[in-house]
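Kindly produce the complete structure, drawing on both the sequences and the hints.
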Amino acid sequence: EAGVTQSPTHLIKTRGQQATLRCSPISGHTSVYWYQQALGLGLQFLLWYDEGEERNRGNFPPRFSGRQFPNYSSELNVNALELEDSALYLCASSFGRVNQPQHFGDGTRLSIL
Amino acid sequence: DQQVKQNSPSLSVQEGRISILNCDYTNSMFDYFLWYKKYPAEGPTFLISISSIKDKNEDGRFTVFLNKSAKHLSLHIVPSQPGDSAVYFCAASEPSGGSYIPTFGRGTSLIVHP
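Those protein sequence lines, which keep their order, are chains A and B. According to the numbering used here, the first sequence is numbered sequentially starting from 212. According to the numbering used here, the second sequence is numbered sequentially starting from 5.
FYI, nobody ran anything at the bench for these hints, they're computed from the structure. Note that CB positions come from ideal geometry on N, CA and C, so glycine has one too. There may be inaccurate statements among the hints.
To be verified - Some, not all, of what chain A presents toward chain B, calculated at C-beta under 10 angstroms: (1) Gly214; (2) Val215; (3) Tyr246; (4) Phe256; (5) Arg266; (6) Asn267; (7) Leu301; (8) Cys302; (9) Gln311; (10) His314.
Right, dumping it as structure tokens:
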């Protein structure tokens with residue numbers, strides 16, 4: 212069974228640009244979560260999608276947005292990139308709205324120059 | 005304010021001995037707790053979880069203990085192996101409007117040396 216896959220592995224952008232990160236969940240999982248892990252910090256929750264709808268978002272500005280497609284894959288979009296957006300972005304998936312462990316991808320390393 | 009705290013950024017243990025990783029939380033509504041392990045350049049991997057109705061859960065070399073009155077949980081690894089060297093994240097979640105989004109600690113880096 213394939214795990215959670217994220218692309219690209221690395222992404223280099225400059226300030227003010229826009230970035231799109233992609234995630235494919237484990238087959239059968241309907242929930243996708245996005246986290247940001249900045250250097251020296253823990254995982255900060257960004258967004259949760261379930262059944263194509265945004266169900267919850269963390270304490271991040273609106274320029275962080277995303278969507279979930281009918282096949283449950285997801286995109287994270289970050290507009291007007293700032294230097295402090297440089298971080299590892301992790302995607303995780305799980306079964307629906309139940310208390311189950313999340314399974315993570317290996318992340319996208321976003322670097323802002 | 006951090007609701008999940010891992011106060012030890014790092015821990016060094018000799019191979020074969022016990023590793024004890026600690027985690028404290030402040031939110032009394034948390035009812036599900038998890039430990040993840042993360043190797044460099046990889047995503048976190050789920051290790052073990054515990055519900056608040058239990059005080060202990062075992063899976064092979066890994067045991068998680070939960071002390072609800074102290075709002076404290078710990079992960080015991082016995083015996084420790086060099087391959088256990090990784091960053092360990094504690095996480096906790098509460099049921100809230102149908103969501104179970106865990107709050108993560110900042111991690112403890114475990115080094116197991118031969």
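Verification of the hints:
no. : hint   : verdict
1   : Gly214 : 8 angstroms, holds
2   : Val215 : 7 angstroms, holds
3   : Tyr246 : 8 angstroms, holds
4   : Phe256 : 6 angstroms, holds
5   : Arg266 : 6 angstroms, holds
6   : Asn267 : 5 angstroms, holds
7   : Leu301 : 6 angstroms, holds
8   : Cys302 : 8 angstroms, holds
9   : Gln311 : 8 angstroms, holds
10  : His314 : 7 angstroms, holds
When held up to the earlier numbered hints, the structure conflicts with none and fits them all.
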